[in-house]
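The primary structure of each chain is shown beneath.
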Amino acid sequence: MKWIAFAQRNQKELLRDPISYVFCLGLPIVMLIVMTIINQSIPAVEGAPQVFRIEQLSPAIAIFAMTFLMLFVCIRVSSDRSTAFLTRLYASPLQSSDFILGYVLPFVLTGLAQIVITYAASEVLALIVNGESLPIGNMLLSVPLLLPSIVLFIGIGILFGTFFNAKAAPGLCSAVITGAAILGGIYMDIEAMGSSWKTVCSCFPFYHCVRYARLAMAGEFGDMLLPFAICCAFTAVIFIASILAFSFKMKSDKK
Amino acid sequence: MKTAIRTTGLTKTFGPKTAVDHLDLEICEGEIFGLLGVNGAGKTTTIRMLTGLSAITEGEASILGLDVSKDLKKIKPLINVSTQETAVAENLTVRENLSFMARIYGITDKEAMDRVISSLELEEVASQKAKTLSGGWQRRLSIAMALITDPKIIFLDEPTLGLDVLARRELWSVVRSLKGKVTIILTTHYLEEVEALCDRIAVMAKGKLRALGTAAELKAQAGKDTLEDAFVAIVEKEGTAS
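Protein sequence lines correspond, in order, to chains W and C.
In this text, residue positions in the first sequence follow the numbering used here: the first is 1, and each later residue adds one.
In this text, residue positions in the second sequence follow the numbering used here: the first is 1, and each later residue adds one.
Do not rely on the hints blindly, as some may be mistaken.
[Unchecked claim] Here are a few chain W residues that sit away from chain C, every Cβ distance over 12 angstroms (derived from the structure): (1) G26; (2) L89; (3) L94; (4) A120; (5) L140; (6) I182; (7) V237.
[Unchecked claim] Simulated pairs of lysine-lysine, DSS-like, Cα-Cα distance not exceeding 27 angstroms: (8) K219(C) - K208(C); (9) K249(W) - K219(C); (10) K70(C) - K249(W); (11) K254(W) - K152(C); (12) K251(W) - K219(C).
[As the list claims (entries may be wrong)] One side of the interface only, derived from the structure: several residues of chain C facing chain W at Cβ under 10 angstroms: (13) K76; (14) N80; (15) V81; (16) A89; (17) E90; (18) S99; (19) Y105; (20) G106.
Rather than coming from a laboratory, the hints here were simulated on the basis of the structure.
Each residue gets a CB set at the ideal place from its N, CA and C atoms; glycine is no exception.
This is chain W alone, in the form it adopts within the complex:
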């Protein structure tokens, strides 16, 4: 179980970086609060946007928080690759599968913690703002259901961290973070933006991630199946690509 030692090292590196708390936990909660305040100022008339309502907002923010997870995976992988530390590990008995597992596991756990904290903050906000609780059962079921989305973003992070250096990779991740927010409909109603834009958004995984997260929160598990399956398919492709890319890069570094 050599990979566990490597996973624990990566977990410690993440948890001891104060910036990771700001981005992975602080920023999503701030967004949650700010957008709830914005929603409070929108007149409750027919046709008013629903995306800022806490039950719509919290699953979307939970997905958005994962984009920062992607950023930190990417930074970890690209930083390791730029130092002699990874070279030293290449000369150790660690195999490529140990590296992948060691990178993925701590970030999956962090991702699950992010969802729990985001939903807990949402529950508090719902009680304050609406005076009523969010559907706790749906919320609890959502946590494991969002696992494919976590793995998707970790996969993107590994992919960028593998191919780009420590200077370029975070910039690319920032572009994906922005793209995920726009194309995923985190803070806008994609259904209301016309069919052409919806078609564009459907071509990317973010829209499906946000959609099934919202449907899971609403308890509409039947309707959730299709976007969930599409997200799983994207996750499988991206994650397999990231494993292949890392293994390829590991071999090509040895040439």
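Model the placement of chain C on the given structure of chain W, informed by the hints.
Only chain C this time, still in chain W's reference frame:
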């Protein structure tokens, strides 16, 4: 004495450039063996091939009787490498770095850590994060991370590069303390370092082995009084010849 490392016609090319050119070496167990050469001589590339970090283009290399090209999985637990650049996990403490390295090599001996910390005198910084250590301490930690895995062979690639005189001398005493216990392959630019530490020295230039022997043998071979003069004479003579 048993052979720890043997290379026969070991060659590495990068496109048209030959980094290591038909290197023949035999290094005995327990020996401190110096690879000496100017920049681009092929020292680091040789170490990279022997540790499986670079593929061998041509020739053969064996470590403790195991073929580097075929038996790398069996070789890796028996060796360790301390690279030119600092290779430590920055946000982990000294103790955590050592524990991490021990675990990936499957070392479960709890006393090994205390032993290594004590032998490298790391007690005063054991709880400090690696990133807060000075360059000298980081190098010392890097060597400790190699030692904790109880390797039969350690590759030290320019271990004192960039260190001040005191830190260098301290590392020398660490390396000296390992004499006879572990086979050490040490690459360096510093002539006084190989003279102080190494049982035998291989002088490399332009990827080729130019001379091999003890410091005294190299001086005698070049007809010079100091190792520096001998080294310059060997490298320049071969440079003129080629």
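These are the hints, each one checked on the structure:
1. G26: Answer for G26(W): holds, closest chain C Cβ roughly 19 angstroms.
2. L89: Since the minimum Cβ distance to chain C is about 7 angstroms, L89(W) lies within 12 angstroms and the statement is violated.
3. L94: 6 angstroms, violated
4. A120: 27 angstroms, holds
5. L140: 33 angstroms, holds
6. I182: 34 angstroms, holds
7. V237: Consistent with the label, V237(W) stays out of reach of chain C, its closest Cβ about 30 angstroms off (over 12 angstroms).
8. K219(C) - K208(C): Status holds; Cα separation ~19 angstroms.
9. K249(W) - K219(C): It is violated: about 45 angstroms lies between the C-alpha atoms, which goes past 27 angstroms.
10. K70(C) - K249(W): Holds, at roughly 21 angstroms.
11. K254(W) - K152(C): 23 angstroms, holds
12. K251(W) - K219(C): Given that 27 angstroms is the threshold and the Cα spacing comes to 42 angstroms, the pair is violated.
13. K76: This hint holds: K76(C) lies near chain W, its Cβ roughly 5 angstroms from the closest one there, short of 10 angstroms.
14. N80: 7 angstroms, holds
15. V81: 5 angstroms, holds
16. A89: Since the shortest Cβ distance to chain W is 6 angstroms, the answer is holds.
17. E90: 8 angstroms, holds
18. S99: With Cβ-Cβ at 8 angstroms, under 10 angstroms, it holds.
19. Y105: Where the cut-off is 10 angstroms and the nearest Cβ of chain W is about 6 angstroms from Y105(C), the hint holds.
20. G106: 7 angstroms, holds
The structure does not agree with the numbered hints 2, 3, 9 and 12 stated previously, though it agrees with the rest.
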